[in-house]
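Participant: Those protein sequences? They're chains A and B, same order as listed. If you're matching positions, the first sequence starts at 0 in numbering that gives the first Met the number 0 and goes up one per residue. If you're matching positions, the second sequence starts at 0 in numbering that gives the first Met the number 0 and goes up one per residue.
These are computed hints drawn from the structure, not numbers from a lab. Note that the structure is a prediction, hence the values are computed from the model and not measured. Be aware that a few hints might be false.
Unchecked claim - Some chain B residues well away from chain A (every beta-carbon gap over 12 Å; in silico):
(1) D17
(2) D18
(3) G41
To be verified - To be clear about the criterion: a stretch of chain B counts as covered by chain A if any three or more of its residues have a C-beta under 8 Å from a C-beta of chain A, and this derived list gives those stretches:
(4) 69-77
(5) 85-94
(6) 105-119
(7) 226-240
As the list claims (entries may be wrong) - Okay, the calculated beta carbon distance ranges per label pair:
(8) A:A23 to B:L169: 22 to 30 Å
(9) A:A23 to B:R111: 30 to 38 Å
(10) B:S224 to A:A23: 16 to 24 Å
(11) B:T108 to A:A23: 35 to 43 Å
(12) B:T150 to A:A23: 20 to 28 Å
Glycine residues also receive a C-beta, built at the ideal position from the N, C-alpha and C atoms.
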Amino acid sequence: MTIPTVINTKHRAVAAGPAGDRVALVDLLDRVLAKGVVVSGEVTISLAEVDLVHISLRALLSSFRPELFRQP
Amino acid sequence: MSEPESAGASWVYAVIADDVDAGLAGVTGIDGEPLRTVAVPGLAAVVGSVDRTRVEAALSARPPDPQWLEVAARRHHDVVAACFPQVATVPFRLATLYHDDTGVQEALTGRRAQLRAALDTVAHRTEWGVQAYAAGSAESGAKAEPPRSGTEYLLRRRAEAEQREQARRLARESVRVVEERLRPLAVAAVAHPVDAPADLLLNVSYLVDNERGQEFRDAVADLSSTVAGLRVRLTGPWPAYSFVDLTQEAV
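Work out the full structure, taking the sequences as your base and the hints as a guide.
Facilitator: Now the structure itself:
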């Protein structure tokens, strides 16, 4: 049995390849919205608010597009 | 009525070393903008100039625009993913903005030690995501004849409940097997939230030396076909999003 493997290929291939090759959105959002370096930017908001924005963006998105967060 | 002048801002995608070529010619960012590096000694940020007003509005909109968010997240990740095969890449979370590149330089300088440590952590390593879902029970597939009596009905219900409990025990044991097999193959592991209603029992990111990448993937494939009661899913290769928390000790 082959494992369903989602391969994140190089930038251009991700943009142009078939849908099956694209990074699954929920896995991507889990990283881009909730992981990665967090530093306080100057624009928009203080550090505390930046954290809140990041956490709540994912929570809000999951309430508006719950299908993205269900079992694939 | 005159339009307010659109302000630019510097959006940070990732940090790399200052003496490498990330190969970003032709790569564009979330606003379709060209990318550049903003350097201080030892570090460089991968940056693009974005429309500050529009980006601020999109980020602070309540409710958020899911479509904007999805596009922004994909494009942000595409930039990080473009660097990552070429050079050690420390991914930034979505939405780190500075008034200008001077602000970026000050931020880099102010966190130089942590960012250098993060570069060391991610160099020559890849993040892999491993998820395990409870496999559906096979027994409930075949529909028997309707029960002929209340007793038979209750007996069947009890048998089904025991089967489910057995399946859960099996799945929990299998999760332990998966973790014990994979953890030694990685430099570090981070657990993400699991989701009970979706039967997601394991959700871990592993940081794996590139030299052991094939071994790791082979182990996941082997586990996938041998552990009982679980469906195993591998995602990646990822830049090391889950291993660059500057507030934590370096891996």
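Participant: Let me make sure I understand: some of the numbered hints might not hold for this structure. Which ones are they, in numerical order?
Facilitator: 12
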